[in-house]
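Note that the protein sequences, when read in sequence, are chains A and B.
Under this note's numbering, the first sequence has 1 at position 1, and the numbering climbs by one with no breaks.
In this note's numbering, each number is its position in the second sequence, counted from 1, plus 311.
Keep in mind that the hints were calculated from the coordinates and are not lab data.
Any given hint could turn out to be false.
DSSO-like mimics (lysine-lysine), calculated; alpha carbons at most 27 Å apart, straight line [as the list claims (entries may be wrong)]:
id, chain 1, residue 1, chain 2, residue 2
1, A, 253, A, 243
2, A, 253, A, 240
3, A, 253, A, 242
4, A, 178, A, 74
5, B, 555, A, 74
6, A, 206, B, 446
7, A, 204, B, 555
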Amino acid sequence: MIQVNGLIKDYGARRALNAISFNANQGEIVGFLGPNGAGKTTTMRILTGYMPPTEGEVTVAGYDVVEDSLEVRKRVGYLPETVPLYNDMSALDYLKFMADLRHVPDAEERAAEALESVNLGERANSFIGSFSKGMRQRVGLAQALLHRPEVIILDEPTIGLDPSQVVEIRELIRAIGKDRTVLFSTHILSEAQQICDRVLIINKGKIVAEDTPENLQARLTGAQRIILRVRGESDDLPAKIKKIKGVQDVEAKSDGSIEFEFASGQDSRPQVARAVVQEGYDLLEFRPVGMSLEEIFLELTRDTSSGKKSS
Amino acid sequence: MRNIWTIARREYDQYFISPIAYVVAVALLFILGGYFAFLLVYANQNFGFVPDVNVINDLFAFLLLLSIPALTMRVLADETRTGTIELLLTAPVRDFELVAGKWLGSFLFVLTLILVTGIYPLILRSQVTPGLDWKLMLSSYLGLILLSAAFVAIGVGLSAVFSNQVTAFITTIAVLITLWWLIGIPANVLPTGGEFFRYMQLNTHFANALNAGNLELSNLVYFFSLIAIGLFTGTVAIEVRRWK
Numbered sequence: 001m002i003q004v005n006g007l008i009k010d011y012g013a014r015r016a017l018n019a020i021s022f023n024a025n026q027g028e029i030v031g032f033l034g035p036n037g038a039g040k041t042t043t044m045r046i047l048t049g050y051m052p053p054t055e056g057e058v059t060v061a062g063y064d065v066v067e068d069s070l071e072v073r074k075r076v077g078y079l080p081e082t083v084p085l086y087n088d089m090s091a092l093d094y095l096k097f098m099a100d101l102r103h104v105p106d107a108e109e110r111a112a113e114a115l116e117s118v119n120l121g122e123r124a125n126s127f128i129g130s131f132s133k134g135m136r137q138r139v140g141l142a143q144a145l146l147h148r149p150e151v152i153i154l155d156e157p158t159i160g161l162d163p164s165q166v167v168e169i170r171e172l173i174r175a176i177g178k179d180r181t182v183l184f185s186t187h188i189l190s191e192a193q194q195i196c197d198r199v200l201i202i203n204k205g206k207i208v209a210e211d212t213p214e215n216l217q218a219r220l221t222g223a224q225r226i227i228l229r230v231r232g233e234s235d236d237l238p239a240k241i242k243k244i245k246g247v248q249d250v251e252a253k254s255d256g257s258i259e260f261e262f263a264s265g266q267d268s269r270p271q272v273a274r275a276v277v278q279e280g281y282d283l284l285e286f287r288p289v290g291m292s293l294e295e296i297f298l299e300l301t302r303d304t305s306s307g308k309k310s311s
Numbered sequence: 312m313r314n315i316w317t318i319a320r321r322e323y324d325q326y327f328i329s330p331i332a333y334v335v336a337v338a339l340l341f342i343l344g345g346y347f348a349f350l351l352v353y354a355n356q357n358f359g360f361v362p363d364v365n366v367i368n369d370l371f372a373f374l375l376l377l378s379i380p381a382l383t384m385r386v387l388a389d390e391t392r393t394g395t396i397e398l399l400l401t402a403p404v405r406d407f408e409l410v411a412g413k414w415l416g417s418f419l420f421v422l423t424l425i426l427v428t429g430i431y432p433l434i435l436r437s438q439v440t441p442g443l444d445w446k447l448m449l450s451s452y453l454g455l456i457l458l459s460a461a462f463v464a465i466g467v468g469l470s471a472v473f474s475n476q477v478t479a480f481i482t483t484i485a486v487l488i489t490l491w492w493l494i495g496i497p498a499n500v501l502p503t504g505g506e507f508f509r510y511m512q513l514n515t516h517f518a519n520a521l522n523a524g525n526l527e528l529s530n531l532v533y534f535f536s537l538i539a540i541g542l543f544t545g546t547v548a549i550e551v552r553r554w555k
């Protein structure tokens, strides 16, 4: 549904997007992760026909964003980062206006329906200006879903919402994503982990990683890292563990615990555990250190050389 | 066409909840009403003086020059400020349709104000004998309508150029004053070629033509050209913004 090939965007002399490529298929929820200024909003604005790319090919729902901008815009629902609402309109009037603009049949009915879907049916006739941030966000979301678009692009949809609303919105995104394409940006990594089928990590205008949340985690922690703790002193233990086959990078931590890694395919955990007990130590803790998506994210976006990791 | 109408309708409704629009409308109608009342009293005291609609409309036109920029300044500049422009530019609406819709909505609001003053000729009719010069009145009102359509087009166009309302307001006022008065100066100074500048001057087509009861094709061409230039400026400004 979304095909991006070698997309470049320059703002004057500054290159905001440097030849990024990715796809998103129907029924897929793709999370777009990256620090501020990485190019998430720029990419989304190009996909929604707000601005043309400097170079590269971008098609949405089979239409080129430059050649057939209007066709693309008909098929895309978009929630920009700054939720575009008219404060002096009622929620219902606002959605009716958007429905008219998008030639939605039975505009009034569909507007009311969209408001219901984001739990704002009771406030249909209230002015948007009186809404809380979370309510505004939901009106914006209703606007993006109003015309039942094939592709839905949401720029930070859960920002400023309280926890229960966040859960609601995530549920909603998941429901929409069943038969349509959803691309959404976030900087909350657990969110991406929870609802995305696939994660794109973008940094400084480049995609530095692209995979399912699980694979991304597995790939970046190809070597398993184990944390181990024993009762009492453990001065000579690291040296002994190091001798076991397959063990590498043994590190005695200041809190008395020991961390070590073993290469994938060489599970030396049983040997290590046995050795510890045979040496007469009381084994208190023995667990894998999973690299969270947070850490992966930091790892990937820390410096420009981190781009190598994804290849 | 449908998109233009959708945008125009919202824009028109917007004026009725906008404080600036009310302030402008009240000020405009107050000054105009006061002037009209003064004319009537004067006419009653000085037998022989017959006020005509165009006397009021001369003032009206100048008041429109001052007030239309205040009405149109927010039209697109405010959408840029609040970010709602992103909504409109990602809706399946052509840039021209957006600008034309904004223009039409604002123009219809000004037209509403003009229609309110339609009461003046009705009052005059009962006051003067042998009656009103209907041809002059129609021509005068046509001039007023064309003039405001052109002013609004220039205002909306410049509102698209700037993302700041005040800048849009001042620039629009400057352009309108130039057309009203400044551009005519070379016509009186230059030994030759003054015709062009005289043609460019607004009052060649309003005060000295339509508002005097003379309608020529060149007057219509002038006003329609201004409308086209205004809408074109707005459309280009939005396209340029997309590419920036």
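Evaluated hints:
1. Taking the CA atoms of residue 253 (chain A) and residue 243 (chain A), the gap is near 18 Å; set against the 27 Å cutoff, the hint holds.
2. With a CA separation close to 16 Å, the supplied pair residue 253 (chain A) and residue 240 (chain A) stays within the 27 Å bound.
3. Pair hint residue 253 (chain A) plus residue 242 (chain A) holds up; C-alpha atoms about 15 Å apart against a cutoff of 27 Å.
4. Proposed proximity of residue 178 (chain A) and residue 74 (chain A) is supported: the alpha carbons are some 20 Å apart, at most 27 Å.
5. Restraint check: the Cα-Cα separation between residue 555 (chain B) and residue 74 (chain A) comes to about 23 Å, which is no more than 27 Å; the hinted pair holds.
6. Using a Cα cut-off of 27 Å, the hinted pair residue 206 (chain A) and residue 446 (chain B) is violated, with the two alpha carbons roughly 69 Å apart.
7. Distance hint between residue 204 (chain A) and residue 555 (chain B) is fulfilled; the C-alpha atoms sit about 19 Å from each other, no more than 27 Å.
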